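J.: Listed here are the chains, written in short residue letters.
There are 2 protein chains.
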Amino acid sequence: MKTYISVLGLLSLASTALALWPIPRNMSESDKVSLAPTHITTGSSSQGCPSLQKLVLRYGDLISGELFTPPDLYLNGTVQSIDGSVSYLEVNIRNVSDFIIDLDTDESYELDIPVSGKAQLNANTYYGALRGLETYSQLLTNDGHGRRVIRNTPIKISDSPYFPHRGILFDTARNYYSVDAIKHTIDAMSYNKLNVLHWHIVDSQSWPVESKLHPQLADNGAYSPQDRYSYSDVKDIIQYAKDRGVRVIPEFDMPGHTYIIGKSFPDIMSCLNVQPKWSEFAAEPPSGQLDITNPKALSLAKDIIKEYSALFPDSHFHVGGDEVNMNCWEKSNTMQDYLAAHSGATVNHVLKQFYQGIHDTIIASGKVGFCWEETIFHQNFTVPKGTAVQSWIDSDSVRKTVMAGYNAIASPYEYYYLDCGHGGWLSDVVGNSWCDPYKSWSKVYSYNPLANITNPEHQKRVLGGEVALWAEQSDEHVMDSYLWPRSSAHAEILWSGPIDPKTNKQRAPIDAITRLHAQRYRMLGRGIRGAPLQPLWCAQNPGNCSA
Amino acid sequence: MKTYISVLGLLSLASTALALWPIPRNMSESDKVSLAPTHITTGSSSQGCPSLQKLVLRYGDLISGELFTPPDLYLNGTVQSIDGSVSYLEVNIRNVSDFIIDLDTDESYELDIPVSGKAQLNANTYYGALRGLETYSQLLTNDGHGRRVIRNTPIKISDSPYFPHRGILFDTARNYYSVDAIKHTIDAMSYNKLNVLHWHIVDSQSWPVESKLHPQLADNGAYSPQDRYSYSDVKDIIQYAKDRGVRVIPEFDMPGHTYIIGKSFPDIMSCLNVQPKWSEFAAEPPSGQLDITNPKALSLAKDIIKEYSALFPDSHFHVGGDEVNMNCWEKSNTMQDYLAAHSGATVNHVLKQFYQGIHDTIIASGKVGFCWEETIFHQNFTVPKGTAVQSWIDSDSVRKTVMAGYNAIASPYEYYYLDCGHGGWLSDVVGNSWCDPYKSWSKVYSYNPLANITNPEHQKRVLGGEVALWAEQSDEHVMDSYLWPRSSAHAEILWSGPIDPKTNKQRAPIDAITRLHAQRYRMLGRGIRGAPLQPLWCAQNPGNCSA
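Line order of the protein sequences matches chains P and F.
Take 1 as the starting number for the first sequence in UniProt numbering and just add one per residue.
Take 1 as the starting number for the second sequence in UniProt numbering and just add one per residue.
Simulated from the structure, these hints should not be mistaken for laboratory data.
Predicted, not measured: the structure shown is a model, and the values here were computed from it.
Some hints could be false.
One copy or any two copies: either way a pair holds, since identical chains are not told apart in the list.
[Said to hold, decoys possible] Simulated crosslink set (SDA-like; lysine to any residue; CA at most 20 Å straight-line):
1. Lys263 to Tyr338
2. Lys277 to Pro542
3. Lys212 to Lys263
4. Lys263 to Leu75
5. Lys235 to Leu311
6. Lys296 to Gly357
7. Lys54 to Asp187
8. Lys263 to Asp303
9. Lys277 to Asn541
10. Lys263 to Tyr74
11. Lys331 to Gln275
12. Lys277 to Ser45
13. Lys118 to Ala181
14. Lys263 to Asn541
15. Lys263 to Asn76
Starting from the given sequences, assemble the full structure and let the hints guide the process.
T.: Listed below in structure tokens is the structure:
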């Protein structure tokens with residue numbers, strides 16, 4: 001018996017002996033081995049919840065189809081004797097009607113696995129049960145003789161996320177991703193307890209989503225009639241994500257990154273596809289920004305917010321605001337006319353008016369705003385209280401954001417831009433890109449969203465973070481290996497917290513790699529083709545591959 | 001009519017208007033559009049060659065299943081009118097019995113596509129026909145109305161490879177690749193006219209290939225009973241590769257990189273898995289080298305060469321020889337005893353004796369030796385004349401190798417190591433690896449194996465090159481996106497030559513990217529999930545994404 005203490009007493013600190021990912025925040029375990037049931041049932045009070053019934057069925061199927069051997073147990077982990085048998089897992093949730101996934105959703109759960117007898121999973125909500133079932137599924141391993149067992153019983157887990165916002169940014173504009181590819185990624189997210197799909201759905205290169213208000217946006221803006229998302233596709237994705245504990249937050253980036261709108265509305269655009277000197281007008285080709293002097297441009301922006309606020313149920317609505325190019329407007333005739341007619345006005349004033357119109361519309365639509373850090377730091381626009389500000393440029397921006405009183409989402413490119421490291425992609429470039437090198441899993445894992453933030457009130461405003469897969473050089477054919485298991489590294493820091501309670505220091509890759517190998521191989525078995533971290537020899541021989 | 005000249009006259013320089021990859025070395029084309037047949041037949045003189053019949057059937061199937069629109073033709077490439085109809089393709093080979101793929105195989109072919117009537121493909125060998133059929137398949141595109149056409153008819157192509165050795169190094173020891181994964185890669189190689197699979201089959205981490213002479217090597221050395229290649233698997237792969245114009249050259253790396261042999265023969269090893277200070281004894285964990293003072297070690301090495309020389313029919317046999325660690329032997333008792341007993345001897349002398357024994361055995365086995373550059377440059381061993389020396393460390397090594405009178409294979413890590421750029425992989429490292437950054441396709445494309453080699457006699461000794469996918473951080477789940485289309489970039493330089501005949505300068509990525517987009521998307525349709533180079537917008541709008 002290693003560290004087992006009554007559930008009423010103090011739960012021991014998280015162990016690495018079990019192949020759990022992310023590691024539960026409180027866990028006790030012991031030294032017995034129990035035969036594991038695949039049978040899952042719901043307690044009597046939870047039987048009126050059809051969603052829970054479906055969930056239990058889904059995890060029952062997943063578990064029955066899985067007989068997993070973590071690689072570190074392959075050589076020396078065969079079970080010598082079985083100490084007991086768990087009869088079944090009973091799942092209970094206290095609030096059977098609470099079926100909303102959003103920023104404040106309760107994802108906590110308690111899991112109690114005896115050596116023999118009934119195992120129990122208790123949670124306040126469907127989403128707590130979902131997280132607990134994922135943990136339960138990860139406890140089941142092959143004993144080396146083809147039997148499904150739970151090692152280290154009895155086990156007690158009391159778990160909940162450290163940060164409420166744990167996401168992946170998915171860019172479906174630079175290159176298209178099919179509905180199936182997005183669902184596949186949602187599956188993978190749920191295996192890692194990630195809960196936000198930030199859907200950067202449109203950008204300068206394409207507009208793949210149907211608009212009922214302005215159908216020409218997708219008619220002219222999708223790469224092909226096949227490369228688009230209908231309303232029904234979007235609803236399907238949202239429902240699929242909801243079932244798996246993933247919020248879908250759309251981003252409609254404005255007023256920059258909007259060339260594609262110009263295919264339908266050229267009269268409301270500035271610096272539309274300037275060639276070959278696009279770089280004076282945009283961060284990447286094609287150039288094009290909404291003409292912020294033109295009331296029709298703001299009107300279209302408002303239409304977009306209104307239309308898609310209704311389509312996407314999440315509380316948050318992302319309006320981009322990154323990488324606006326002032327030169328694009330400064331060189332435009334309409335801006336020059338405007339400034340001539342409005343003494344004392346500047347481009348920044350006009351832009352702030354535009355931002356104001358956008359953020360007012362978000363609030364009028366009943367949403368919380370979400371935007372990139374340039375909005376507040378480069379343009380000095382005062383976003384409404386409660387707005388979530390996403391940082392990517394400066395790793396100190398999270399601290400500055402919460403000091404300024406806003407909620408912060410951390411996506412520092414130096415740690416979290418998973419697209420980086422594939423070299424420059426412009427047609428005539430032989431060399432690196434601005435954000436090389438590649439962010440290895442250990443680099444991702446080494447980021448602490450709370451770095452240099454000591455005031456607990458400020459810490460609370462750090463809602464979490466998102467790794468980003470910008471799609472200049474990726475699409476659904478490569479996404480698995482670009483996302484996984486690096487997004488798993490991110491997921492653990494955000495779920496389990498950046499500090500290892502065993503050491504009271506920031507979590508270190510060396511303490512995680514054995515479990516991350518297991519998570520990668522487990523996900524392979526579930527169809528998620530993540531990249532290997534090391535030679536399998538290292539995974540089979542833990543501790544032998546340190547520098 | 002752009003540049004059409006009679007086949008008897010001078011063929012025009014290669015064009016980029018057609019989506020061919022690699023670009024044929026001599027091609028004329030014009031401005032007509034012809035309906036394309038999927039029917040392929042063999043001429044009367046070639047009908048006695050069952051392999052050719054099979055090949056023609058295979059390409060007939062491939063073509064019938066494909067209706068490809070290169071992305072640059074999507075927006076503005078719809079055909080307005082059809083000028084003629086090609087009735088069928090007739091394939092003739094002059095030597096129906098010449099069915100050996102090796103260094104000196106004739107891969108040349110001529111392809112003649114009229115506006116209307118019979119198209120003809122003539123070659124000296126099966127392999128010329130194979131290369132020509134691949135080119136033919138790439139000529140067929142969607143006219144924008146769902147019809148299969150050939151653009152730019154009449155077309156005449158006279159093609160042959162610039163370098164005879166065009167390869168991919170595949171490492172199945174750090175991580176295992178299934179037989180299907182290897183065959184899949186062979187398919188992809190044939191779509192790019194690559195012709196050498198350098199099978200780095202074993203290394204310190206695992207020994208996945210069956211040995212009939214010493215069965216314990218795989219019994220103890222494979223990662224699992226599933227992770228191994230039987231003799232029948234190897235023969236199956238060799239036959240599959242042969243049918244697709246790919247030589248399979250095995251590498252059995254000795255005397256370094258051999259820890260795994262120690263699982264079966266610990267008594268013939270030095271510095272076996274020293275921990276934690278493996279780095280004093282090896283380039284990566286686990287450490288372990290054959291004990292070169294022990295006659296039993298040389299004897300085993302000879303057994304390995306003899307056994308696998310018989311299994312692999314290729315003329316060349318690779319014996320590694322890279323990254324030997326002198327300290328491993330200097331610190332060993334057996335070496336110290338040996339040096340004490342042999343006055344004047346040094347570790348280098350002993351190593352050279354070992355190399356001599358190995359290379360003598362290669363020759364006695366009827367093979368041509370193939371080894372890494374350290375053998376001649378670091379150890380100053382004089383390999384037998386005709387040996388192919390593979391360089392990887394110094395990009396000037398190719399020049400030095402041919403100056404020294406040897407044949408050279410270029411694999412400079414700075415250009416050709418496709419595994420690089422994924423960060424350090426040791427368990428406790430947060431940061432880059434020795435060979436970062438990632439080698440982008442344009443970086444691969446920018447390498448000229450003949451750089452600084454002016455003497456034509458020396459140039460002839462540059463047999464070609466190999467990109468390498470070392471497998472510390474890769475396996476079959478990620479191979480497609482790591483290999484493609486970067487290996488395509490390599491393939492064009494080696495098939496079409498490093499110099500663009502239109503400009504008489506080294507080929508430039510800007511002149512290739514439109515075709516490479518097409519090749520990537522074509523390969524996607526054939527099941528090869530390579531990485532996208534750019535946003536699809538750039539592929540659909542050529543010339544708009546330059547720096």
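J.: Taking the hints in turn, state whether each one holds.
T.: A quick look at each hint next to the structure:
1. Within a single copy, Lys263 and Tyr338 get their C-alpha atoms no closer than 24 Å, and across copies no closer than 79 Å, so neither meets the 20 Å cut-off.
2. Within a single copy, Lys277 and Pro542 get their C-alpha atoms only as close as 53 Å, which misses the 20 Å cut-off; across copies the closest is 15 Å, which meets it.
3. Taking identical chains as interchangeable, the C-alpha atoms of Lys212 and Lys263 lie at most 20 Å apart only when both belong to the same chain, with a minimum of 17 Å there against 67 Å between chains.
4. For the identical chains of this complex, Lys263 and Leu75 are inter-copy neighbours only, at 13 Å across copies versus 60 Å inside a copy, given an alpha-carbon limit of 20 Å.
5. Within a single copy, Lys235 and Leu311 get their C-alpha atoms as close as 8 Å, which meets the 20 Å cut-off; across copies the closest is 57 Å, which misses it.
6. For the homomeric pair Lys296 and Gly357, the shortest alpha-carbon distance inside one copy (12 Å) is at most 20 Å, but the shortest distance between copies (82 Å) is not.
7. In this assembly of identical chains, the alpha carbons of Lys54 and Asp187 lie at most 20 Å apart only when taken from the same copy (15 Å versus 42 Å across copies).
8. When the C-alpha separation of Lys263 and Asp303 is checked against a cutoff of 20 Å, the pair qualifies only within one copy, where the shortest distance is 17 Å, while the shortest distance between copies is 69 Å.
9. Proximity of Lys277 to Asn541 under the C-alpha cut-off of 20 Å is restricted to the inter-copy arrangement: shortest distance 16 Å between copies versus 54 Å within a copy.
10. In this homomeric assembly, Lys263 and Tyr74 come within 20 Å of each other (Cα to Cα) only across copies, at 16 Å, whereas the closest approach inside a single copy is 57 Å.
11. In this assembly of identical chains, the alpha carbons of Lys331 and Gln275 lie at most 20 Å apart only when taken from the same copy (15 Å versus 64 Å across copies).
12. Taking CA atoms no more than 20 Å apart as the test, Lys277 paired with Ser45 passes in neither setting, with 66 Å inside one copy and 58 Å between copies.
13. Taking the shortest alpha-carbon separations for Lys118 and Ala181, neither the intra-copy value of 37 Å nor the inter-copy value of 44 Å comes in at or below 20 Å.
14. Only between protomers do Lys263 and Asn541 lie at most 20 Å apart by alpha-carbon distance; the minimum there is 14 Å, versus 57 Å within a single protomer.
15. In this homomeric assembly, Lys263 and Asn76 come within 20 Å of each other (Cα to Cα) only across copies, at 15 Å, whereas the closest approach inside a single copy is 62 Å.
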